[in-house]
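Starting from the given sequences, assemble the full structure and let the hints guide the process.
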Amino acid sequence: MNTDFSILWGDPGTLILSGLVVTVKLALCAFALAIIIGVVMGTLRWIGWRAVEPFCWVYIEFCRNTPPVVQLLFWYFSASFVLPMPVFMFLRDFGYEFGAAVIALAFYHGAFYAEVVRAGLNAVPKGQFEAARALGLGFLQSLRRVAFPQAIRVLVPPLVNETTALIKNTSLAMAIGVAEMTFQYRAIDNFMFRGIEALTVITVLYVILCLIAAWLGRLMNGYLSKHLHARNATAIADRQIVGGEIIR
Amino acid sequence: MTASNLATAASPVSLASKRPAAAIKMRGVVKRFGALEVLRGIDLTIERGEVVVLCGPSGSGKSTLLRCINGLEAIALGEVIVEGEHVRSKGSKLDTLNPRIGMVFQAFNLFPHLTILQNLILAPTMVLKVPRAEAIERARALLARVGIEQKADAFPDMLSGGQQQRAAIARALAMNPELMLFDEPTSALDPEMIHEVLDVMRDLAHEGMTMVIVTHEMGFAREVASRVVFMDEGLIVEQAKPDAFFSKPREERTKQFIGKILAR
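From first to last, the protein sequence lines are chains V and F. Here the numbering used here is used: position 228 in the first sequence is 279, and no number is missing along the way. Here the numbering used here is used: position 181 in the second sequence is 536, and no number is missing along the way.
Hints are computed from structural coordinates only; laboratory data are not their basis. In this text the structure is predicted, and so the values were computed from the model without any measurement. C-beta atoms are modelled at their ideal positions from N, C-alpha and C, and glycine is treated no differently. There's no promise every hint is true.
[As the list claims (entries may be wrong)] A few chain V positions that, by computed beta-carbon distances, are all more than 12 Å from chain F:
hint: 1; residue: G99
hint: 2; residue: M136
hint: 3; residue: I154
hint: 4; residue: E181
hint: 5; residue: G228
[To be verified] With the C-beta cut set under 10 Å, the calculated list includes, among others, these residues of chain F facing chain V:
hint: 6; residue: A429
hint: 7; residue: L536
hint: 8; residue: Q611
hint: 9; residue: I613
Right under this line is the structure:
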């Protein structure tokens with residue numbers, strides 16, 4: 052079979068582009084929600100608060116240990132049972148499949164983010180938080196001003212890792228009819244028999260999206276450790292000054 | 356006139372006359388870690404202005420006792436009263452502790468992502484709502500007092516251990532504490548740095564600060580303490596003025612301990 056990439060300048064190309072927009076939107080929405088879930092759940096687990104511990108445990112283990120596709124199907128199809136029919140129909144007209152995909156991906160990856168956040172907080176020496184509290188800082192103040200700024204440096208690399216997984220998993224949303232990139236590839240394959248060309252293009256696009264995420268992560272890491280380097284530079288300068296004084 | 360009267364009425368000086376006599380009162384304090392009873396009924400009263408040294412073998416519960424005073428650890432039984440107020444802590448991360456109890460740790464625990472000055476003004480500006488400029492001014496004065504004013508804009512890991520511990524003491528003092536707790540403040544330091552920290556503590560004691568100190572520096576205890584409390588296996592075995600404590604201990608267990616320490 053011959054491949055002909057020139058066909059992409061027509062309708063198939065437009066379809067893929069519209070799919071790309073949906074993929075990016077889906078990834079951004081799911082990421083935003085997942086990060087909120089991850090920070091809240093990860094922090095709650097880190098507190099080791101007995102009242103909420105079982106709840107957090109059940110959430111994390113459920114979401115981590117079920118396939119994301121199953122969760123997508125669950126959030127999409129359970130809505131028709133849980134919600135009153137008129138409400139469901141209303142939501143469906145507004146593209147409920149997108150909302151369901153956001154919720155499912157956010158819950159799934161939120162569970163992983165939660166574990167990343169908890170590990171990051173655990174990496175901060177216990178004495179740091181104790182010192183903050185001994186100074187009279189409240190729980191949230193200690194968390195915001197002392198624990199998080201130190202945890203975030205440890206936290207960025209695994210966070211990037213998880214985020215690329217989230218971006219790739221947006222492709223599963225085609226299972227419930229979200230018109231993202233992989234969905235558009237299927238459409239092109241079914242109606243125009245140009246599957247290979249479309250598949251090649253979306254593969255490259257996924258790689259680019261994930262690379263952008265990794266690049267943003269590296270940028271953030273660089274920003275966070277900037278004053279770490281500045282600190283080392285000043286430390287060296289300081290030592291030289293001390294050395295100078297000794298010579299004098 | 357009325358305004359200035361109000362101002363003086365609200366100042367800690369006039370409150371001082373109404374404060375109870377004892378800075379710390381502990382009654383029947385029991386602390387357990389699981390099945391292990393770390394404190395097995397502690398009764399201890401510490402007056403204002405006293406410098407109390409807690410000593411004893413490791414595992415005797417002295418650090419835990421200290422941590423019960425500011426509520427870092429929750430007690431199982433008994434009561435801890437600091438400046439007339441019950442310390443009610445569940446020992447969870449969610450508790451907010453009394454900002455008027457300063458604490459100095461063995462590991463310094465300065466915040467590594469903040470400069471020394473930022474370390475000092477963090478709690479005063481956030482907890483006491485002191486205006487930033489005022490907090491900075493006070494912080495610089497405190498740093499000068501502990502002899503590291505030139506390190507204000509340095510990060511903690513650029514300082515020597517002794518300097519870090521002095522900065523940590525200044526950070527605690529920035530909250531205007533009514534009493535100070537020291538948890539083995541010199542145990543992580545090189546011998547030559549121990550003195551610079553002890554000097555700062557000695558000055559503080561001479562200024563009349565109420566201090567509770569867990570330390571193995573017996574020379575310092577002898578010189579500065581108003582009372583030495585000896586603990587073993589979660590109980591207070593003996594307490595006395597330092598001279599009496601070191602020269603004529605009453606209990607057999609105390610004699611053993613002192614004998615071992617002096618033999619070092």
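Do the hints match the structure? See the list:
A beta-carbon of chain F comes within 12 Å of the beta-carbon of V/G99; the shortest separation is about 8 Å. Every beta carbon of chain F lies more than 12 Å from that of V/M136, the smallest distance being close to 43 Å; the non-interface claim holds. No Cβ of chain F comes within 12 Å of the Cβ of V/I154; the nearest lies about 29 Å off, and the non-interface call holds. The Cβ of V/E181 does not lie farther than 12 Å from every Cβ of chain F; its closest approach is about 6 Å, which violates its non-interface assignment.
No Cβ of chain F comes within 12 Å of the Cβ of V/G228; the nearest lies about 44 Å off, and the non-interface call holds. At its closest, the beta carbon of F/A429 sits 13 Å from a beta carbon of chain V; the interface hint therefore is violated under the 10 Å criterion. Against a cut-off of 10 Å between C-beta atoms, the interface hint on F/L536 holds, since the closest Cβ of chain V lies about 8 Å away. For F/Q611, the interface hint is violated, the least distance from its beta-carbon to any beta-carbon of chain V being 32 Å, above 10 Å.
With a cut of 10 Å, the hint placing F/I613 at the interface with chain V is violated, because the nearest CB-to-CB distance is about 31 Å.
Hints 1, 4, 6, 8, 9, counting from the list given before, are not met by this structure.
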